[in-house]
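Here are the chains, one letter per residue:
Protein chains: 2
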Amino acid sequence: MPYDYLPPLLMPNKSKIVLLVLDGLGGLPLVPDGKTELETARTPNLDRLAAEGSLGQSIPVRMGITPGSGPAHLGLFGYDPIRYDIGRGVLEAVGVGIDVDKGDIAARGNFCTLDADGRITDRRAGRISTEAAAPAIARLQSIRLEGVTLEIKQVKEYRFAVVMRGESLDPALTDTDPQVVGKAPLPVEAETEAAERTATLFNAFLDQAHELLAGEPQANGITLRGFSTEPGLPKYLDSYGLRAACVAVYPMYKGVSKLVGMDVIGFQGESPADEFAAAARAWGDYDFFFIHIKKTDSMGEDGNFDGKVGVIEAVDAALPELMRLAPDVLIVTGDHSTPAKLRYHSWHPVPYLLWAPATHLQDAQTIFGERACAQGGLGTFLAQESMKLALAHALRLIKYGA
Amino acid sequence: MPYDYLPPLLMPNKSKIVLLVLDGLGGLPLVPDGKTELETARTPNLDRLAAEGSLGQSIPVRMGITPGSGPAHLGLFGYDPIRYDIGRGVLEAVGVGIDVDKGDIAARGNFCTLDADGRITDRRAGRISTEAAAPAIARLQSIRLEGVTLEIKQVKEYRFAVVMRGESLDPALTDTDPQVVGKAPLPVEAETEAAERTATLFNAFLDQAHELLAGEPQANGITLRGFSTEPGLPKYLDSYGLRAACVAVYPMYKGVSKLVGMDVIGFQGESPADEFAAAARAWGDYDFFFIHIKKTDSMGEDGNFDGKVGVIEAVDAALPELMRLAPDVLIVTGDHSTPAKLRYHSWHPVPYLLWAPATHLQDAQTIFGERACAQGGLGTFLAQESMKLALAHALRLIKYGA
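From first to last, the protein sequence lines are chains A and B. Quick note, the first sequence lines up with residues 25 to 426 if you use the numbering used here. Quick note, the second sequence lines up with residues 25 to 426 if you use the numbering used here.
Hints listed in this document are in silico derivations from the structure and should not be mistaken for laboratory results. None of these values were measured; they are calculated from a predicted model. Heads up, some of the hints might be wrong.
A pair counts as met if it fits within one copy or between any two copies, since identical chains are not told apart.
The calculated BS3-like cross-link candidates involving lysine-lysine, where the alpha carbons are at most 25 angstroms apart (straight line), are [as the list claims (entries may be wrong)]:
id : residue 1 : residue 2
1  : Lys-126   : Lys-259
2  : Lys-177   : Lys-423
3  : Lys-365   : Lys-318
4  : Lys-365   : Lys-40
5  : Lys-282   : Lys-423
6  : Lys-412   : Lys-282
7  : Lys-282   : Lys-126
8  : Lys-365   : Lys-38
9  : Lys-365   : Lys-412
10 : Lys-59    : Lys-38
11 : Lys-180   : Lys-423
12 : Lys-318   : Lys-423
13 : Lys-423   : Lys-365
14 : Lys-40    : Lys-259
15 : Lys-40    : Lys-412
16 : Lys-412   : Lys-38
17 : Lys-318   : Lys-59
18 : Lys-282   : Lys-259
19 : Lys-282   : Lys-318
20 : Lys-177   : Lys-38
Given only the sequences and the hints, what does the whole structure look like? Please build it.
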């Protein structure tokens, strides 16, 4: 359990909780004395909720730590990202929509460039384009091994994910990237006796891969890292007593949601309105809805300040759809900051809005923005505390102790 | 020790610290844009202290967690309520003024209603009134067991506390409440060999109880739970170097104070002025005074917003009595929130006022209220941090490290 003291306090009721995550929501002004993306966006609906409810700012993992998407979402889901580790291979696999079940072995793969002696000359195959790497992916997908099945998908550019499925596989395996050029890729080594067969299988995979890729100009070699299996995270139903649904467009967020026991809701389209409509259709079947908006982060990574502003405004415009469902608790926040100014995830505190009309304490803030949130009544707290706050405001927790 | 690094830093001096706890102080407005109980109360004296000192808000146990009185006070006393567990039986016993020493076994008792076959038909004896249960309590008090003594007191309605005293008793015992109607109460079972004699004694108690209660219309059975002994909490003198006094009207708070080594000051009356006068009389004998005001919480639990306002105003009116003693450090806070709107303890952050004229950093806040505290200079912090702040402002802690 993320919090051992929590399960005995859980009390089921009919309340509905919505966690609306605008990925990479937090931002920075482009100029001194300027406004952030969120502060720039015209958001009458979010501002109304901010005025009625409580604001705060959340720290995704720890102060100063810039999270990847996996740890950032684990935090928002209430699981300390330092304590609960999703293996790199699993994260890449779920990120491209490959299911990883207990006992499946996932690895992150990189294409590299080898010289005639098999030594690495470029560890990322010249940062080959996604299109140029596609034929190499197809070659890898043709590999067959005795007694196991393989699923391979491209991630982006030189990166791919591979999942091996079969009996008695074990992820206690070493990475094959020597981390420097001028050396050949390392063989996979078993760290335990139980993993020896799995090591042999992956080495057979590597041998076939290098044979099949020999003709490729850039991507003629591969390395594998982050061997891991389904992490066995506690599930939302056990941790929080919540039947939880995920509404997301991108595979990564669906994948992480599945790892904590959420059902992924299928739907057409990819606009905020489409996502809210999907939540509306499933409204009766779940207690908790995680709704993920990706494009705030994508725009931030592109350095597109105005584009990020536009995505925030589109979410705001669609928000009445969501409010019509009358959630008991609505949290609007990000998993981390992605300031367009930095073109990258960052460690900055993330704006956090709690709206729960039966129980929230309205604070003095009247707009939803970074500086308003820093002055908000909820204070500054670790993202992993958020689920407890959600449960409390949903009146789903009884008193601790007499 | 609650904080292992603290004892080496302790430096005695003649300073006086007062922790004034208004139970359930934190509140909520009854209407949007309204004021809380504390914000509504006319509190010129508290407002003056707020203007001179620093405000903040404390989280009783963890974010979102609603504490009972025991854990909430442990937190204010600097003991992490998740780490330090007072057994349910001990808490009930000290709550009604029964002393529990090391080796005494306390349990919480419930009256229940049994059918002719001894099966429970109502686990709370129809929520029998306190008055109607009094004769059944008297019957239990007549029970005698070989080699041990018993002390039994009514708590309220169907609840009572029982403490068994004697040689070699052990609290590793199972609860007897089957948790459902239609089953007979369970026998006490020993969880360890060392507890077997204690189990036998409690089963003999149960047998006698059921014989004696056979004629009662509602309360003809009992269940026992939460077997526990004095928890051996570190004492204030060892943890903080403080000779500590408790000034409280209700047994529960006296009991928890004793568990951390406070002396309980006897006095007549129960008004805030009576409590402050009691502190004045003991002023020379102690370094630390915990003064507990109960009725803010009682009014909150009754849903009596105006009544809670009135209690806060009465404390404010009496405050000059306390200030005349010229404490070096005065903290005014609650153990948790009890908003009249919710009629129950809640998880909301608690207003916190620190006044220590020699050392406090006056912040920008000028009144004592929830929203002012949320903007206060001390920020938002766990209640268990408060005792360190008190010691620091009393100049009772030397530098940590060179």
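Item to check | Non-conforming hints, listed in increasing numerical order | outcome: 10, 20
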